[in-house]
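Asker: Here is how the chains run, residue by residue.
Number of protein chains: 6
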Amino acid sequence: MDDTNITNAQRAKVLIQALPYIREYNGKIVVVKYGGNAMVNDELKRAVMGDIALLALIGVKVVLIHGGGPEITELMQKIGKKPEFAGGLRVTDRETAEIVQMVLAGKINKGLVSLINNMGGRAIGLSGMDCHLIEAKRYDERLGYVGEIVSVNAGPILDLLEKGYIPVISTVGCDREENVYNINADTAAARIAGTLKAESFISMTDTEGIKRDMNDPASLVSVVQVSEAQRLLREGVIQGGMIPKVECCIEAIRRGVKKVFIIDGRVPHSILIEVLTDEGMGTMFC
Amino acid sequence: MDDTNITNAQRAKVLIQALPYIREYNGKIVVVKYGGNAMVNDELKRAVMGDIALLALIGVKVVLIHGGGPEITELMQKIGKKPEFAGGLRVTDRETAEIVQMVLAGKINKGLVSLINNMGGRAIGLSGMDCHLIEAKRYDERLGYVGEIVSVNAGPILDLLEKGYIPVISTVGCDREENVYNINADTAAARIAGTLKAESFISMTDTEGIKRDMNDPASLVSVVQVSEAQRLLREGVIQGGMIPKVECCIEAIRRGVKKVFIIDGRVPHSILIEVLTDEGMGTMFC
Amino acid sequence: MDDTNITNAQRAKVLIQALPYIREYNGKIVVVKYGGNAMVNDELKRAVMGDIALLALIGVKVVLIHGGGPEITELMQKIGKKPEFAGGLRVTDRETAEIVQMVLAGKINKGLVSLINNMGGRAIGLSGMDCHLIEAKRYDERLGYVGEIVSVNAGPILDLLEKGYIPVISTVGCDREENVYNINADTAAARIAGTLKAESFISMTDTEGIKRDMNDPASLVSVVQVSEAQRLLREGVIQGGMIPKVECCIEAIRRGVKKVFIIDGRVPHSILIEVLTDEGMGTMFC
Amino acid sequence: MDDTNITNAQRAKVLIQALPYIREYNGKIVVVKYGGNAMVNDELKRAVMGDIALLALIGVKVVLIHGGGPEITELMQKIGKKPEFAGGLRVTDRETAEIVQMVLAGKINKGLVSLINNMGGRAIGLSGMDCHLIEAKRYDERLGYVGEIVSVNAGPILDLLEKGYIPVISTVGCDREENVYNINADTAAARIAGTLKAESFISMTDTEGIKRDMNDPASLVSVVQVSEAQRLLREGVIQGGMIPKVECCIEAIRRGVKKVFIIDGRVPHSILIEVLTDEGMGTMFC
Amino acid sequence: MDDTNITNAQRAKVLIQALPYIREYNGKIVVVKYGGNAMVNDELKRAVMGDIALLALIGVKVVLIHGGGPEITELMQKIGKKPEFAGGLRVTDRETAEIVQMVLAGKINKGLVSLINNMGGRAIGLSGMDCHLIEAKRYDERLGYVGEIVSVNAGPILDLLEKGYIPVISTVGCDREENVYNINADTAAARIAGTLKAESFISMTDTEGIKRDMNDPASLVSVVQVSEAQRLLREGVIQGGMIPKVECCIEAIRRGVKKVFIIDGRVPHSILIEVLTDEGMGTMFC
Amino acid sequence: MDDTNITNAQRAKVLIQALPYIREYNGKIVVVKYGGNAMVNDELKRAVMGDIALLALIGVKVVLIHGGGPEITELMQKIGKKPEFAGGLRVTDRETAEIVQMVLAGKINKGLVSLINNMGGRAIGLSGMDCHLIEAKRYDERLGYVGEIVSVNAGPILDLLEKGYIPVISTVGCDREENVYNINADTAAARIAGTLKAESFISMTDTEGIKRDMNDPASLVSVVQVSEAQRLLREGVIQGGMIPKVECCIEAIRRGVKKVFIIDGRVPHSILIEVLTDEGMGTMFC
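Protein chains in written order, with this note's numbering: chain L, 1 to 286; chain S, 1 to 286; chain U, 1 to 286; chain B, 1 to 286; chain C, 1 to 286; chain P, 1 to 286.
Do not rely on the hints blindly, as some may be mistaken.
As the list makes no split between identical chains, a pair holds if one copy fits it or if it spans any two.
[Stated by the list, open to error] Keeping only pairs whose Cα atoms sit at most 25 Å apart, straight-line, the calculated SDA-like set for lysine to any residue is:
1. 78 / 221
2. 258 / 177
3. 82 / 95
4. 163 / 197
5. 137 / 20
6. 78 / 143
7. 259 / 226
8. 259 / 74
9. 28 / 164
10. 82 / 25
11. 81 / 20
12. 28 / 119
13. 211 / 280
14. 78 / 179
15. 258 / 179
16. 78 / 16
17. 45 / 94
18. 78 / 23
19. 258 / 8
20. 211 / 88
21. 28 / 158
22. 81 / 233
23. 163 / 26
24. 163 / 175
25. 45 / 284
26. 163 / 44
27. 163 / 16
Hints are computed from structural coordinates only; laboratory data are not their basis. Treat the numbers as computed from the prediction; the structure is a model and nothing was measured.
Bound conformation, chain L alone (with noise of 0.2 Å):
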């Protein structure tokens, strides 16, 4: 069925269908950590910052976080630099990482903001830089400017919510000798919703959510506890890119967000299913 068939009267009992969820949500936190093929496919793209732009109008105070590897690569690749990576990170010399910054606080969170604004939302853009947001240090010396997160002032987002601005955020990390650190976006924001105690925590995967089986949609497991999913982790269930989201989850838990979901950010507008309906998508850990 297609949604011009849908009759007015049909929308106004969909929207009053959805007043329980948005009395849940309304005036709480929720962090989404945005990216995969919702970032790169350009109808899922502006689906996002639809939902987003709706659920900071309705009361929910949105932050929106990402990271944008395939567009670092890139830049990187216009400018002749072959990217290197050491353990699946990417190996960060000095340029690179300034290339990180403008790709990501220049070219991606603009973008996103000036996305987000024109549906009808206030959005800011910020970095890790802006007002030491993301203060950091090296994770590695032999991976560079690749920084771990040594503490998130939460300060400024706190105070974009509270004059109702929607606060976009891109993960370069600064630190006070004016280094700029890659950081990965994940853990940014489990760490960022954590200390910001979030009602809610949703990262956006190319998954279903978390299988028993890989190949079998089926084995979808909805509710995870926290000690079931780090069996998982350890019995080798979860694998690949999974795994490092299932940890920023578990972290995410552990710092204490309320709600934590893994979604499948390829289905388009699962931020409003997830929050807004009855449906449980991909899976909430608990």
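With chain L held as given, fit chains S, U, B, C and P onto it using these hints.
Answerer: For chains S, U, B, C and P alone, coordinates are given in the frame of chain L:
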């Protein structure tokens, strides 16, 4: 199509399509005059109260104003008192005024408040007697305590809106000598909307709106200018119970309300459809 | 001596002698349970409402709580419904609950509000149905909608006090399924005073206070400790209608109210005399 | 009749009869010029300070302004300095200005402050030197540091009133070169009342008010229009020390004070009688 | 004389001599257009950022606005894109606009923010894309995304200033269709200063100021009236790069900025010298 | 080197070097006990008041506390009253207490306030009699009105600081019976600093600080621990007038002040040097 067949993907689309309307009304005052069939039919009543709760939750400052003629008559009959009318107005002796007060401020008002609260709103019931909200004087000596509005005290309404409550107002007036007045709810609603400089005033009726031919639904006038409405009144196109309703709408426009609507209260969720969709229900005054 | 013989010099002295009491109660919450003769006698009623308006004006945060048994019975009789009692409590079927609601929240509440306003106060009438102020459940299945308090929502009371209004509360309770409950006003008043952590709770009765010998006014107990009051209850010294009143006073003390008084509502301006003079009227609990 | 014979019932009536006056002045600014006998007689002084404390406590924003000629002369005599006058004004050399400062801002001001505080008020003493409250220049070179007011800085007075304090102001002026000026207290009080746009300005004198015949108390003028007062000045009906007082009252009216009174400071509690009873003491300007 | 030879006694004197200037600018908005040599030379850059941090700390509301031409060219060259100019303006195709965005909003903006923060300031970086700060449209179709300012949204700047942050703004414009515009920083700075009704607008250049004879430093004009500046423009005395700068200063005056300065950015701490000493650096417009 | 030879470039460097100190004290409370030579020498006095005005302007919350022994003696002599001392304390009869009040609260306090205001500060003078700031009782019957502090009311001081004023406090105490007390200024200052939980307490003396050998300036102790200071007192190294000063510093530390300094009031701008430079003047307690 049953709304149970609507997928969550469609729900999300419906919600996102409401975004521009939500944005338009965010933080604005909308005064709803509630009456007619929507007040008698229990299902319609619940639908309206749900609409009110939802609008308040997504940031609209809703004020609900109600009368309640049929229930007044009902209680009078129960206690063996014969209703009397003169020129279409209820002759109101002191005992009748007391009955009006009990039914409007006691039974109906608190019943509506309770419904809204149970649907997730935060409603507080007021009458024109609270903090001199509606000061009145006798309209015509022969009618007894039928009141003409002297002044409206917007203070308590604005105070409740500021604190996030939904004011539900029964139109019982008072004066400085302990007299109680039966006030026409349409007139009071238009006057209150004007005093509040409301963004929008919505009058619920039991018709589709203004029709050029009462028997032809296709003759519905979607948008009418005040001068045009006055001409339709003069020429007798607008008849019967619609005359005072249209007059109140004109009065609301004259007192500075930006958008004034007559909508069909017999359609479930007609308020939501008017406010949150692109469907122009009923007749809009401009 | 008639008060018209009091010179202005004497008036000034009287005012100045009230200064330490005004100072003591400035900005403090005083909950008054209004009832008995003071509610029936018109002159006494006006005196009480004047007292309330005056206290509010000089900076006391007054909350007035009332029931209204006799008028409920009166309306029931008018509509030919026979009041039924079981164990001293009114058997309350749905129709009776509706009558209770109309009489308390509609007639009495708004009448008191109107009187206070005309005496210079700024009163707003609430019922237990407004914003779930008094949530209740059935006390005893056989009694129908006689309610036992589940919880008190102090929020709206505090919001009104902050904005400078005098909340006048009728003790009609509600639940989450649209049921309406008849709540004992003494119990509700003591509970609300406790929830508000009031400085003072004043219960108006038709006696001088607790007497060791019911027939000897000279046996009045000016100050009573909770343990002593409990002993007097056990030993049957306190009898009849005074039993529940004394129990509520003990409950108020237990819930953290600082000063609790039973005063004689038959004496004009007994509230002012209690609060603003050195005369200890009635019985004080400590 | 002694006030000890007043019963508490009578006390309550007196209090309740003050209600309309309390209501009228609630939240309004009343500036009192304190002087004359009421400053010399210890009992009268205590009565005035009690009046001030009471008015502040019941919500009036009181500002007390005082001079203190006799005590200045007294200290001058103690240190063997001969007071000199020219045209009715004290010739004020630098040493005299210092004495004025010590007596007004040190002795009298803090003494009054202390009395008010001990009667339950919250007073803070200011002089015209605090935060450039009263900027002055020389009035006449021959008189030395006798000051003419250049400007009044209402900021600190309003800040103290907002925080709930009673500002008590000694009329010592200053300029930008460390000079100290002796300022006429009547003039300063009228000017300050005007700058504050006070509701009321009360000037305490040692007379009953304006009289058409100085020797006939019955010739007291209860209400006088500014034009009439000016005529009485021109015609010499108003004489001696009353001339500047009347001129200041006219000036206060001209600067926007709503109600201006000359009252008899020799009557105990004359301020309370004027403000809180129906007795029109002295002369009111309009 | 080396500053290390300055004694602490002298330091104290210097600080105390700055007092009248600190007082003059306390709580006032100062907009600084940062550019030229001060942006290229690392030592000068640190000096400017220190000046900004200091001014903010002593109570000045500083807004820093920057462009960044040379670094845009540098990145273009790195990725092998040839800069093209027409009529002195950079022809900006979509790819160039993206580069402008990355360099200004990503690299330079966050770099400055980081420097200020490490010097004790609390800076947050904004671009014209955040919350529609700078809405633009095409200036000339042939130039591509070179933008002309349509409107400035002062809201977010004022919100950040109120919360105590230093807004650092890169002049990248946006429209409602996701287009990004390259905006002249001088024009944007003057416009923003005007919209904010700034106390002062300081434009940093690589000259001493307006000179009557370009080759004679002694011909520096310290104070120039707008009409005089316009004459100097007309007569060709002002030449080359100074023309647009002078035009922007005139525009700032016209839009209500009180004091406008062109200062020499090549002199270390020229901002502090201009604001906190008696030395009138460069040219002041009035 | 004369400070007139300092170039503006050097001035800018001096200012910028003060930045870390300004940042450290921003928004913090600093209590200064003013006395000794700095109070007698007119040039030093102006320097101190300038320091106070400057610190307040750059965001430090300064509270100035003063006594004034010599001027009390001077006025006593003028009126022919012989000062009497017992155990180093002034025997204070009622007349002497009045003189203390006039000199401290009238002459010195308002003089300092005036000086600060003329240097750009916004000072308001208080005494211990304002709003019961310093409540006292007799220290020793034989000494008359020499007061021992009973309690400090920090409310008015914090209210003035919040509103941006500089409180200047004379240490005249009061009780609830109109008595006035002569309070030791060092003791009062330490006590007030403790009650305010000040960041810093600075005691101005006529020595360089604590010295191990009174005659050897080189034996100055820059930093002293409380236990060490107590030992120096016990062993008699600290002698004469320094004993009570050191005891007050220890008391301030004990009551929670973070940093306590004894500085040399004979050095011009010693406060600024202590607070805004790297020079550790005098002795710091920790």
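Asker: Look at each hint and say if it fits the structure.
Answerer: Against the structure, the hints come out as follows:
1. In this homomeric assembly, residue 78 and residue 221 never come within 25 Å of each other (Cα to Cα): the closest approach is 42 Å inside a single copy and 48 Å across copies.
2. Neither within a single protomer nor between protomers do residue 258 and residue 177 lie at most 25 Å apart by alpha-carbon distance, with minima of 36 Å and 29 Å respectively.
3. In this assembly of identical chains, the alpha carbons of residue 82 and residue 95 lie at most 25 Å apart whether taken from the same copy (12 Å) or from different copies (21 Å).
4. In this assembly of identical chains, the alpha carbons of residue 163 and residue 197 lie at most 25 Å apart whether taken from the same copy (18 Å) or from different copies (22 Å).
5. Proximity of residue 137 and residue 20 under a CA criterion of 25 Å is satisfied inter-copy only: 23 Å between copies versus 43 Å inside one chain copy.
6. Taking CA atoms no more than 25 Å apart as the test, residue 78 paired with residue 143 passes in both settings, with 22 Å inside one copy and 24 Å between copies.
7. Taking CA atoms no more than 25 Å apart as the test, residue 259 paired with residue 226 passes inside one copy only; the shortest distance there is 12 Å, against 47 Å between copies.
8. Taking the shortest Cα distances, residue 259 and residue 74 never come within 25 Å of each other, neither inside one copy (35 Å) nor across copies (46 Å).
9. Taking the shortest Cα distances, residue 28 and residue 164 sit within 25 Å of each other both inside one copy (13 Å) and across copies (16 Å).
10. Proximity of residue 82 to residue 25 under the C-alpha cut-off of 25 Å is found in neither arrangement, the shortest distances being 45 Å within a copy and 49 Å between copies.
11. Taking the closest pair of Cα atoms, residue 81 and residue 20 never come within 25 Å of each other, the shortest separation being 52 Å inside a single copy and 40 Å across copies.
12. In this homomeric assembly, residue 28 and residue 119 come within 25 Å of each other (Cα to Cα) both inside a single copy, at 21 Å, and across copies, at 19 Å.
13. Taking the shortest alpha-carbon separations for residue 211 and residue 280, only the intra-copy value of 15 Å comes in at or below 25 Å, while the best inter-copy value is 47 Å.
14. Within a single copy, residue 78 and residue 179 get their C-alpha atoms as close as 24 Å, and across copies as close as 22 Å, so both meet the 25 Å cut-off.
15. Taking the shortest alpha-carbon separations for residue 258 and residue 179, neither the intra-copy value of 34 Å nor the inter-copy value of 33 Å comes in at or below 25 Å.
16. For the identical chains of this complex, residue 78 and residue 16 are neighbours neither inside a copy (50 Å) nor across copies (37 Å), given an alpha-carbon limit of 25 Å.
17. For a Cα distance limit of 25 Å, the shortest separation of residue 45 from residue 94 across copies, 20 Å, qualifies, whereas the shortest one inside one copy, 30 Å, does not.
18. Within a single copy, residue 78 and residue 23 get their C-alpha atoms no closer than 48 Å, and across copies no closer than 41 Å, so neither meets the 25 Å cut-off.
19. Taking the closest pair of Cα atoms, residue 258 and residue 8 come within 25 Å of each other only across two copies (24 Å); inside a single copy the shortest separation is 35 Å, beyond that limit.
20. Taking the closest pair of Cα atoms, residue 211 and residue 88 come within 25 Å of each other only inside a single copy of the chain (23 Å); across copies the shortest separation is 60 Å, beyond that limit.
21. Proximity of residue 28 to residue 158 under the C-alpha cut-off of 25 Å is found in both arrangements, the shortest distances being 12 Å within a copy and 23 Å between copies.
22. Proximity of residue 81 to residue 233 under the C-alpha cut-off of 25 Å is found in neither arrangement, the shortest distances being 36 Å within a copy and 47 Å between copies.
23. In this homomeric assembly, residue 163 and residue 26 come within 25 Å of each other (Cα to Cα) both inside a single copy, at 16 Å, and across copies, at 15 Å.
24. Within a single copy, residue 163 and residue 175 get their C-alpha atoms only as close as 27 Å, which misses the 25 Å cut-off; across copies the closest is 23 Å, which meets it.
25. When the C-alpha separation of residue 45 and residue 284 is checked against a cutoff of 25 Å, the pair qualifies only within one copy, where the shortest distance is 23 Å, while the shortest distance between copies is 37 Å.
26. Neither within a single protomer nor between protomers do residue 163 and residue 44 lie at most 25 Å apart by alpha-carbon distance, with minima of 28 Å and 35 Å respectively.
27. For the homomeric pair residue 163 and residue 16, the shortest alpha-carbon distance between copies (23 Å) is at most 25 Å, but the shortest distance inside one copy (28 Å) is not.
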